[in-house]
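Asker: Chain residues, written in single-letter form:
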Amino acid sequence: MIRYFYKALADIRSNRFLNLITMVTISLSILMVSLCLLFFENLGRIMDGWNQEGRAMVYLVPEFSTEMRPELASAITQMDGVVQITFVSKDRALARLKNQMAGSTRFLDTLEENPLPHAFEIRIQTQNGFEPVAAVVRQIESLDLVESVEYGQKWLARMLDLFQLFRLTGYVMCALFLLIAFFITASTVRLVFHSRQSEVEIMRLVGATDRFIKMPFYVTGLIQGAVGGILGLLILFAAYLAVWSGISQSMGDLFHLDVRFLSVAAMGGIWVVSTFLGWFGCYLSLRQLLK
Amino acid sequence: MNLDTGKNAIIRLFNVTKHYGGKPALHNVSLDIEPGEFVFISGPSGAGKSTLLKVLYLAETVSAGQILIDGMNLSRISPARLPFLRRRFGMVFQDFKLIPTLTVFDNVALALEVAGKKPSFIRKKVMHVLRVTGMEKKAHMLPPTLSGGEQQRVAVARAVAGDPDIILADEPTGSLDQASARRVLEILLAYHKKGGTILVASHHLQQLQTVVTGRSIVLEKGRLISATRLEPYAL
Ligand SMILES: Nc1ncnc2c1ncn2[C@@H]1O[C@H](COP(=O)(O)OP(=O)(O)O)[C@@H](O)[C@H]1O
Ligand SMILES: [Mg+2]
Numbered sequence: 448m449i450r451y452f453y454k455a456l457a458d459i460r461s462n463r464f465l466n467l468i469t470m471v472t473i474s475l476s477i478l479m480v481s482l483c484l485l486f487f488e489n490l491g492r493i494m495d496g497w498n499q500e501g502r503a504m505v506y507l508v509p510e511f512s513t514e515m516r517p518e519l520a521s522a523i524t525q526m527d528g529v530v531q532i533t534f535v536s537k538d539r540a541l542a543r544l545k546n547q548m549a550g551s552t553r554f555l556d557t558l559e560e561n562p563l564p565h566a567f568e569i570r571i572q573t574q575n576g577f578e579p580v581a582a583v584v585r586q587i588e589s590l591d592l593v594e595s596v597e598y599g600q601k602w603l604a605r606m607l608d609l610f611q612l613f614r615l616t617g618y619v620m621c622a623l624f625l626l627i628a629f630f631i632t633a634s635t636v637r638l639v640f641h642s643r644q645s646e647v648e649i650m651r652l653v654g655a656t657d658r659f660i661k662m663p664f665y666v667t668g669l670i671q672g673a674v675g676g677i678l679g680l681l682i683l684f685a686a687y688l689a690v691w692s693g694i695s696q697s698m699g700d701l702f703h704l705d706v707r708f709l710s711v712a713a714m715g716g717i718w719v720v721s722t723f724l725g726w727f728g729c730y731l732s733l734r735q736l737l738k
Numbered sequence: 339m340n341l342d343t344g345k346n347a348i349i350r351l352f353n354v355t356k357h358y359g360g361k362p363a364l365h366n367v368s369l370d371i372e373p374g375e376f377v378f379i380s381g382p383s384g385a386g387k388s389t390l391l392k393v394l395y396l397a398e399t400v401s402a403g404q405i406l407i408d409g410m411n412l413s414r415i416s417p418a419r420l421p422f423l424r425r426r427f428g429m430v431f432q433d434f435k436l437i438p439t440l441t442v443f444d445n446v447a448l449a450l451e452v453a454g455k456k457p458s459f460i461r462k463k464v465m466h467v468l469r470v471t472g473m474e475k476k477a478h479m480l481p482p483t484l485s486g487g488e489q490q491r492v493a494v495a496r497a498v499a500g501d502p503d504i505i506l507a508d509e510p511t512g513s514l515d516q517a518s519a520r521r522v523l524e525i526l527l528a529y530h531k532k533g534g535t536i537l538v539a540s541h542h543l544q545q546l547q548t549v550v551t552g553r554s555i556v557l558e559k560g561r562l563i564s565a566t567r568l569e570p571y572a573l
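Going down the list, the sequences are from chains A and B.
Everything in the first sequence is counted per my numbering, starting at 448 for the first residue and increasing by one.
Everything in the second sequence is counted per my numbering, starting at 339 for the first residue and increasing by one.
What the hints contain is simulated information worked out from the structure, not anything from laboratory work.
Bear in mind the structure is a predicted one, so any value in this text is a computation, not a measurement.
Certain hints may be false.
[Unchecked claim] No farther apart than 20 Å at their CA atoms in a straight line, the calculated lysine to aspartate or glutamate pairs in the EDC-like style are these:
{"hint": "1", "chain 1": "B", "residue 1": "Lys455", "chain 2": "A", "residue 2": "Asp657"}
{"hint": "2", "chain 1": "B", "residue 1": "Lys435", "chain 2": "A", "residue 2": "Asp458"}
{"hint": "3", "chain 1": "B", "residue 1": "Lys532", "chain 2": "B", "residue 2": "Glu375"}
{"hint": "4", "chain 1": "B", "residue 1": "Lys476", "chain 2": "B", "residue 2": "Asp444"}
{"hint": "5", "chain 1": "A", "residue 1": "Lys454", "chain 2": "B", "residue 2": "Asp444"}
{"hint": "6", "chain 1": "B", "residue 1": "Lys462", "chain 2": "B", "residue 2": "Glu474"}
{"hint": "7", "chain 1": "A", "residue 1": "Lys537", "chain 2": "A", "residue 2": "Glu518"}
{"hint": "8", "chain 1": "B", "residue 1": "Lys532", "chain 2": "B", "residue 2": "Asp501"}
{"hint": "9", "chain 1": "A", "residue 1": "Lys454", "chain 2": "A", "residue 2": "Glu578"}
{"hint": "10", "chain 1": "B", "residue 1": "Lys435", "chain 2": "A", "residue 2": "Glu648"}
{"hint": "11", "chain 1": "B", "residue 1": "Lys361", "chain 2": "B", "residue 2": "Asp501"}
{"hint": "12", "chain 1": "B", "residue 1": "Lys435", "chain 2": "A", "residue 2": "Asp657"}
{"hint": "13", "chain 1": "A", "residue 1": "Lys661", "chain 2": "A", "residue 2": "Asp458"}
{"hint": "14", "chain 1": "A", "residue 1": "Lys537", "chain 2": "A", "residue 2": "Glu568"}
{"hint": "15", "chain 1": "A", "residue 1": "Lys661", "chain 2": "B", "residue 2": "Asp444"}
{"hint": "16", "chain 1": "A", "residue 1": "Lys537", "chain 2": "A", "residue 2": "Glu510"}
{"hint": "17", "chain 1": "A", "residue 1": "Lys537", "chain 2": "A", "residue 2": "Glu560"}
{"hint": "18", "chain 1": "B", "residue 1": "Lys532", "chain 2": "B", "residue 2": "Asp408"}
{"hint": "19", "chain 1": "B", "residue 1": "Lys463", "chain 2": "B", "residue 2": "Asp408"}
{"hint": "20", "chain 1": "B", "residue 1": "Lys435", "chain 2": "A", "residue 2": "Glu646"}
{"hint": "21", "chain 1": "A", "residue 1": "Lys454", "chain 2": "A", "residue 2": "Glu648"}
[Stated by the list, open to error] Anything over 12 Å on all C-beta distances counts as not near chain B; from chain A, calculated:
{"hint": "22", "residue": "Thr524"}
{"hint": "23", "residue": "Phe534"}
{"hint": "24", "residue": "Phe629"}
{"hint": "25", "residue": "Leu731"}
Think of the CB as a built atom: it goes at the ideal place given N, C-alpha and C, for glycine as much as any other residue.
Assemble the whole structure, with the sequences as input and the hints as a guide.
Answerer: Written out as C-alpha cells, the structure reads:
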C-alpha cells in the first residue's frame with residue numbers, strides 16, 4: 448500500500464499539469480459547496496434564534512366556557528413539542544392590557560363588556576427548527592374550540608419558506624459543481640491513462656495484473672480528492688476569517704449575530720465527499736478503460 | 339506426431355499457424371523444447387521469429403494449432419491468469435520496452451513488483467542483477483540517457499530478475515557492437531548454466547553460435563525448415 452502511495456506521488460509529479468487541474472477543480476467545487484453550507488448553516492441558526500421563544504397565544508372561540516378548559520388543555524399538552532401551557536382568562540387578559548396601557552388611555556375603562564377571548568399561552572419546543580413548530584400550530588388551529596393561533600413573528604414562516612427555496616437552489620448548484628468536478632476528474636484520469644498507454648502495455652507484458660495497474664490511479668484519485676477538499680476548506684476558512692473579522696469589528700456592537708464556521712462534522716463530511724469524488728472519478732474511468 | 343517424445347518438454351507447439359490478416363507469419367510449426375535447453379531461432383528478416391516468441395507469451399494468439407507451456411494449454415488461459423503465465427517468462431524485447439520515465443532500478447524492479455515481492459527482497463535482487471549486467475552504476479539514470487547497449491543490458495537484467503523458467507530474447511544483440519553483444523550473451527549463458535530455458539531469436543546467428551551448445555532452429559517464410567544441434571565452441 449505504501450509502495451502504491453509512493454508510486455502515485457511519482458505519477459502526480461510526472462503529470463503535474465493535469466493533476467494540478469484536477470486538484471484545483473475539486474478544491475473549487477468543494478469551496479462552493481462548503482460556502483453554501485456555511486451560509487445556510489448560519490442563516491438557519493440565526494433564524495432559529497429569532498424564533499427561540501416559541502411562545503404562542505391560542506385564542507378560543509366565544510362558545511368556550513371554563514368547564515371545557517381541562518379537557519382542551521390536556522388535548523393541547525399531549526401534542527408533540529408543547530412544553531408549557533397556561534390559561535389566560537378573558538378577565539386576566541383585560542387586566543393585563545389595562546396594566547400595559549396604564550395612563551395612556553381611558554378607553555378600556557369605558558367598555559361595558561370584555562371583548563377579549565379566553566386564551567391559552569403555550570410554549571413550543573424550538574430546537575428542532577421551524578417546521579415542527581409550524582406543524583403543531585396548524586394542529587392546534589384545527590381544533591373546534593380554537594379560533595386562531597397567534598405566534599411569534601408569523602412573517603418568519605413566510606421568510607423560512609423563501610429560505611427553503613433559496614437553500615434548495617443552493618444545493619442544486621452544489622450538486623452541479625460536484626458533478627463538474629467529477630467529470631473533470633474522470634476525464635483527467637482518462638487523459639493520463641492514454642498518455643501512459645505504452646507504459647501500461649509494458650507492465651502487462653512483464654506480468655502486471657489489472658489491479659496492479661489500476662492501484663496507483665486509485666491512490667492518485669484519493670490523494671487528489673483529499674488534498675482538493677482540504678484546499679477548498681482552507682480557502683473558505685481564510686476568506687471567512689478575513690470577511691468576518693471585518694464585519695464583526697464594524698457591526699459587532701450593533702447586532703449580535705451568532706456566525707460560526709462549519710462544524711467539525713460538516714468539514715469531515717465535506718472532506719469525505721471530496722475524497723470519494725476523486726476515487727469515484729477514477730473508478731468509472733478505469734472501469735471503462737480496462738475491461 | 340509422437341506425443342511421448344516431448345513428455346518433459348516445457349514448451350510444445352502443435353501445428354501452430356499465425357496469420358496477420360493475409361499470408362501466414364507462422365505456418366504449421368511443431369516444436370518441443372526441453373527444460374534447460376538453449377535454442378537459437380534464426381532466419382531472414384520477416385521469417386516469423388518474433389511472431390514465434392510472441393505467441394508463446396500470448397502477446398499474439400495463434401490462428402490455428404496448440405501451444406502448451408509446462409503442460410498448460412495457452413488457448414485455455416483466462417485473462418485473469420495471463421499475468422501469472424507471463425511472470426514465468428523473462429522477455430528481452432527487440433525494442434527493449436523500458437519505461438522512459440522510470441529509473442533503471444525501477445524498470446528492473448517492476449518485474450518483481452508486479453509479482454508482489456517484498457521491497458527489501460526487490461532492492462537486493464535488483465542490485466544483484468544490475469551488478470551482473472554491469473549496470474549498477476547507472477541504476478538511478480533514466481533509460482533515454484543510456485546508450486543502446488546499456489538499454490539492452492537493462493532489458494536483460496529485467497528479464498532475469500524474476501528468476502523466470504524461460505527467457506525469450508528477441509534480437510538481444512541486434513543493435514549492439516561486438517563487445518556489448520558478447521556481454522549480453524554471457525549473461526544469458528550464465529542463466530542457462532543455472533538451468534534456465536532460453537530462446538534467442540536472431541538473424542545473425544554466426545555471432546551467437548560460437549558461444550554455446552544448443553539447438554538451432556531455422557525459420558523461413560513462417561516454416562520451420564531445419565533443426566540442428568550446435569556443437570560447443572570455446573568462448
Ligand atoms: N503486427 C503485425 N501485423 C501484420 N503483420 C505482421 C505483424 N507482425 C509481423 N507481421 C508480419 O509477419 C511476418 C513475420 O514477422 P516477424 O515475426 O516480425 O518476423 P522476424 O521477427 O523473423 O523478422 C512478416 O511478414 C511481418 O510483416
Ligand atoms: Mg523480429
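Asker: For every hint, state whether the structure bears it out.
Answerer: Hint-by-hint comparison with the structure:
Distance check on the hinted pair: Lys455(B) and Asp657(A) sit about 17 Å apart at the alpha-carbon level, within 20 Å; holds. Taken as a hint, the Lys435(B) and Asp458(A) pair is honoured in the structure, with Cα atoms around 19 Å apart against an allowance of 20 Å. The hinted pair formed by Lys532(B) and Glu375(B) meets the criterion: a straight-line CA distance of about 11 Å does not exceed 20 Å. Taking the CA atoms of Lys476(B) and Asp444(B), the gap is near 12 Å; set against the 20 Å cutoff, the hint holds.
Under the criterion of a C-alpha separation no larger than 20 Å, the hint pairing Lys454(A) with Asp444(B) is consistent with the structure, at around 10 Å. Only pairs whose Cα atoms come within 20 Å are accepted, and Lys462(B) paired with Glu474(B) is accepted, the gap being roughly 12 Å. In summary, the hint linking Lys537(A) to Glu518(A) is supported, as the alpha carbons are separated by about 18 Å, within the 20 Å threshold. For the suggested pair Lys532(B) and Asp501(B), the alpha carbons sit about 10 Å apart, so the restraint of at most 20 Å is met.
Distance restraint check for Lys454(A) and Glu578(A): the Cα-Cα separation of roughly 52 Å exceeds the 20 Å cut-off, and the hinted pair is therefore not satisfied. The hinted pair formed by Lys435(B) and Glu648(A) meets the criterion: a straight-line CA distance of about 9 Å does not exceed 20 Å. About 37 Å separates the Cα atoms of Lys361(B) and Asp501(B), which puts this hinted pair outside 20 Å; it is violated. Of the supplied pair hints, the one linking Lys435(B) and Asp657(A) holds, its CA atoms being roughly 19 Å apart against a limit of 20 Å.
At roughly 12 Å between alpha-carbon atoms, Lys661(A) and Asp458(A) fall within 20 Å of each other, so this suggested pair holds. Taken as a hint, the Lys537(A) and Glu568(A) pair is honoured in the structure, with Cα atoms around 12 Å apart against an allowance of 20 Å. For the proposed pair Lys661(A) and Asp444(B), the alpha carbon gap of about 18 Å is at most 20 Å, so the pair holds. Distance check on the hinted pair: Lys537(A) and Glu510(A) sit about 13 Å apart at the alpha-carbon level, within 20 Å; holds.
Of the pairs offered as hints, the one joining Lys537(A) and Glu560(A) holds, with about 11 Å between alpha carbons and a cut-off of 20 Å not exceeded. Pair hint Lys532(B) plus Asp408(B) holds up; C-alpha atoms about 18 Å apart against a cutoff of 20 Å. Annotation: proposed proximity of Lys463(B) to Asp408(B) is violated, straight-line Cα distance about 26 Å (limit 20 Å). Restraint check for Lys435(B) and Glu646(A): satisfied, since their Cα atoms lie roughly 9 Å apart, inside the 20 Å limit.
Proximity of Lys454(A) to Glu648(A) is assessed by CA-CA distance (about 17 Å); at most 20 Å being required, the pair is judged to hold. At the 12 Å boundary, the C-beta of Thr524(A) stays outside the reach of chain B, the nearest C-beta of that chain being 68 Å off. Non-interface call for Phe534(A) relative to chain B: holds, since the shortest CB-CB distance, roughly 78 Å, exceeds 12 Å. Consistency note on Phe629(A): stated as away from chain B, and its beta-carbon is indeed over 12 Å from all of that chain's, at 28 Å minimum.
Annotated as non-interface, Leu731(A) keeps its C-beta farther than 12 Å from every C-beta of chain B; the closest such distance is 21 Å.
Figure legend: structure checked against the earlier numbered hints; hints not met, in rising order: 9, 11, 19.
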